[in-house]
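Number of protein chains: 2
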Amino acid sequence: MSAALPTGSVIGILGGGQLGRMLSVAAARLGYRCHIYDPGANPPAGQVAEVVTTAPWDDSDALKAFCAAVDVITYEFENVPAESLDLLESICPVRPGRRALEISQDRVTEKDFLTGLGLATAPYADCPDLDSLTRALERFGRPAILKTRRFGYDGKGQVRIDEDTDVAAAFAALKGAPAVLEGFVPFLSEISVIAARGVDGQVACFDPGQNVHRAGILRTTTVPAPIPPALRSDAVILAGRILNALDYVGVLGVELFVTPGGLIVNEIAPRVHNSGHWTQAGCTVDQFEQHIRAITGLPLGDGQRYADVTMENLIGDDMERLPALLADADTQVHLYGKADTREGRKMGHVNRIARGA
Amino acid sequence: MSAALPTGSVIGILGGGQLGRMLSVAAARLGYRCHIYDPGANPPAGQVAEVVTTAPWDDSDALKAFCAAVDVITYEFENVPAESLDLLESICPVRPGRRALEISQDRVTEKDFLTGLGLATAPYADCPDLDSLTRALERFGRPAILKTRRFGYDGKGQVRIDEDTDVAAAFAALKGAPAVLEGFVPFLSEISVIAARGVDGQVACFDPGQNVHRAGILRTTTVPAPIPPALRSDAVILAGRILNALDYVGVLGVELFVTPGGLIVNEIAPRVHNSGHWTQAGCTVDQFEQHIRAITGLPLGDGQRYADVTMENLIGDDMERLPALLADADTQVHLYGKADTREGRKMGHVNRIARGA
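So the protein sequences, as listed, match chains A and B. Under our numbering, the first residue of the first sequence is numbered 277, with each subsequent residue one higher. Under our numbering, the first residue of the second sequence is numbered 277, with each subsequent residue one higher.
Next up, chain A with everything else stripped away, as it sits in the complex (with noise of 0.2 Å):
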């Protein structure tokens, strides 16, 4: 506790979407205050936190006056321009790491590092020209997906190749952007572990949650995920690895498929995850409340749940069964305050609580 950050610090949050929006309460919760930085006006965290700088990431004066303001700088998604980070770690801590950012944002660096600490993957090779990916294809065979090596997230950017598709099509469908062919997974299920490590290496994880997808968008997460205890344990400690090796300091997400040989790492997320929300209605600590006592050097919460939670997703007109929802007495709703409905966009959230569990 005597390197945890005093009451009344503040915490820079880089992204200003929903994911800071509940950084930010869960920060005042513990008596921070926050400061969002977002290059777009009226972020959905600004409304919860004290300060806002609304600025492009290549701004240096604005980065600089943000680090002059802040004691500690946390980021809600992992996409920050790594220039726009080399300004901002000079000058004021950034938690988690640039280590954990770097392997995230590229998807053929984060599976070298995956594979490399042991860990198993869906086979995958760089494919930085058409040639590549038709050698690769032929290793892999069909299905196979597409995918640039950055800046994919909800399944944009993203091509799936199916017995009928046209290679070449494919590649250009990617515009140039550089490009990883990932073999396809004949999975189960797919489940994520939440977890989290403190400055001083203490690791706590939350119990695995069971995701179901539609159109390459999380829909649900169920917590506990049906699946065996051996494989819980197993998650658990393949995320203990994970954190360990990056010597990371904050939550961290890691998405999982379940195969009839084991466990498959599709991705990881260097910060809070659309898959852990459910801990706000199961856990004593909540991952977004976990995560700012891991960067500010408070003690972790040992992620027990003493509760069963189905999460879902509110995606665009998902919001027009809202008035259900509010009377529903199990489902707690948790919505972004965004001023637009779009499709595919997320609005909000629900926990559905199963009492007496």
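For the record, the hints were derived by calculation from the structure and aren't laboratory data. For each residue, glycine too, the CB sits at the ideal point set by N, CA and C. Errors might be hidden in some of the hints.
To be verified - The following residues of chain A were derived to be distant from chain B, with all beta-carbon distances above 12 Å:
id, residue
1, A358
2, R411
3, Q434
4, R436
5, T496
6, P536
As the list claims (entries may be wrong) - To give an idea of the interface, some chain A residues facing chain B are shown, with a C-beta separation under 8 Å as derived from the structure:
id, residue
7, G284
8, V301
9, R305
10, L306
11, G307
12, E326
13, Q580
14, A603
15, V609
16, H610
17, G613
18, A615
19, I629
Said to hold, decoys possible - Sample of chain A residues lacking proximity to chain B, with all beta carbon distances greater than 10 Å (derived):
id, residue
20, A317
21, A341
22, V356
23, G392
24, A396
25, L450
26, F463
27, G477
28, I493
29, R517
30, R618
Keeping the supplied structure of chain A fixed, place chain B upon it in accordance with the hints.
Just chain B now, kept in the frame of chain A:
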């Protein structure tokens, strides 16, 4: 739902202390934005609200501008001056309404109202002068408690009159403030009910909690209160009668004494209440969100408890225990972001969850 305030609407909150702070977070979770009005600079609620107005209660220009900027007004404490409310109410809906505030601002008016409903209270007498005090004391016997009619909270504005107390000195201690004498009630315990009523008249109550005070300040609330089921339903029915009689909209706190002869109403608070903080850990919809739902016309949560909880206030140098509290796996910590720790000042609270309840 047709009458509910749309998402993105602005809720004006009079008072920016910890209750306003937690209301602001709850409002954000439902997609609303908050505007705090407080005479003091840098109020705790301002750290998690979009806009803060710092102005005195009698600044009619500031009050008018506040009304113009918000869609509905509520308050976190009951001592907003009547003249300010007159002005606000003439421009913008204020919920809960004026009558609840008038009644709770004055102990004699409040007890007249409660006894008028047929509810039991401690014996009480308006004491405009020493003579009336002396006569009331003869009727009630000693000990008795002399209180200011208005502006009392956390045991302030109270003098206990014991066998050896000099009555004239006790009366003088109130410095001419209008006073009320309350007869001593030999109670077994104190409980409170946090109840809510919607715009449409829907009523929902949380489980009664048992309160323990020290030096006039609430220390702990434990839920469920260890009382017989009959008393529990008496408490809930009684709270419902008060809400309906006031045509109340919002959350109301009702403090009750448990006596061998049944329940006696100690006092009512027309707002979220310290003894309802446990709902943050034990209910799908907590008292803060319940209040926001009520005043915005959303359906109320049902108040059911899914975990047993003990809430403990962190007062003054209780903050020195913070490291141990943060390290306890079953303890949820809520700090209020107050810069200075002072004796008797509420700095935060913790909710301890009884696992497997």
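So, going through the hints one by one against the coordinates:
Non-interface call for A/A358 relative to chain B: holds, since the shortest CB-CB distance, roughly 32 Å, exceeds 12 Å. The claim that A/R411 is not at the interface with chain B holds, since no C-beta of that chain comes within 12 Å of its own (minimum 50 Å). With a minimum CB-CB distance of about 31 Å to chain B, A/Q434 clears the 12 Å threshold, and the non-interface call stands. The non-interface label for A/R436 is consistent with chain B: the shortest C-beta to C-beta separation is roughly 35 Å, beyond 12 Å.
Against the 12 Å criterion, A/T496 stays outside the reach of chain B, whose nearest CB is about 18 Å from its own CB. Distance check for A/P536 against chain B: the nearest CB is about 35 Å away, which clears 12 Å, and the non-interface claim stands. The interface hint given for A/G284 is met, as the beta carbon of that residue sits about 6 Å from the closest beta carbon of chain B, less than 8 Å. Of the supplied interface hints, the one on A/V301 holds, with its beta-carbon coming within about 5 Å of a beta-carbon of chain B, less than 8 Å.
A cut of 8 Å between beta carbons decides the hint on A/R305: the least distance to chain B is about 5 Å, and the hint holds. For A/L306, the interface hint holds, since its Cβ comes within 8 Å of a Cβ in chain B; the closest pair sits about 6 Å apart. Because the smallest distance between the Cβ of A/G307 and any Cβ of chain B comes to about 3 Å, under 8 Å, the interface hint for this residue holds. Taken as an interface hint, A/E326 checks out: its beta carbon lies about 5 Å from the nearest beta carbon of chain B, inside 8 Å.
For A/Q580, the suggested interface contact is upheld, since its CB lies about 6 Å from the closest CB of chain B, less than 8 Å. The criterion of a C-beta within 8 Å of any C-beta in chain B is met by A/A603, whose closest approach is roughly 5 Å, and the hint holds. The interface hint given for A/V609 holds, since its Cβ lies 7 Å from the closest Cβ of chain B, which is under the 8 Å cut-off. Satisfaction of the interface hint for A/H610 is found here, the shortest Cβ-Cβ separation to chain B being roughly 5 Å, below the 8 Å cut-off.
Interface restraint check for A/G613: the shortest CB-CB distance to chain B comes to about 5 Å, inside 8 Å, so the restraint holds. At about 6 Å, the closest approach between the beta carbon of A/A615 and any beta carbon in chain B falls short of 8 Å, and the interface hint on this residue holds. Residue-level restraint check for A/I629 holds (minimum Cβ-Cβ distance to chain B is 6 Å; threshold 8 Å). At roughly 13 Å, the least C-beta separation between A/A317 and chain B is larger than 10 Å, which holds for a residue marked as non-interface.
Listed as a non-interface residue, A/A341 keeps its Cβ farther than 10 Å from every Cβ of chain B; the least gap is roughly 20 Å. For A/V356, the non-interface assignment is confirmed: its Cβ lies about 24 Å from the closest Cβ of chain B, beyond the 10 Å cut-off. Every CB of chain B lies more than 10 Å from the CB of A/G392, the least distance being 34 Å, so the non-interface label holds. No beta-carbon of chain B is positioned within 10 Å of the beta-carbon of A/A396; the least distance is around 32 Å.
The non-interface label for A/L450 is consistent with chain B: the shortest C-beta to C-beta separation is roughly 36 Å, beyond 10 Å. No Cβ of chain B approaches the Cβ of A/F463 within 10 Å, the least distance being about 33 Å, so the stated non-interface status holds. No beta-carbon of chain B is positioned within 10 Å of the beta-carbon of A/G477; the least distance is around 16 Å. Distance check for A/I493 against chain B: the nearest CB is about 20 Å away, which clears 10 Å, and the non-interface claim stands.
The claim that A/R517 lies off the interface holds: its Cβ sits roughly 23 Å from the closest Cβ of chain B, which is beyond the 10 Å cut-off. No beta-carbon of chain B comes within 10 Å of the beta-carbon of A/R618; the shortest separation is about 14 Å.
Checked against the numbered hints given earlier, the structure satisfies every one of them.
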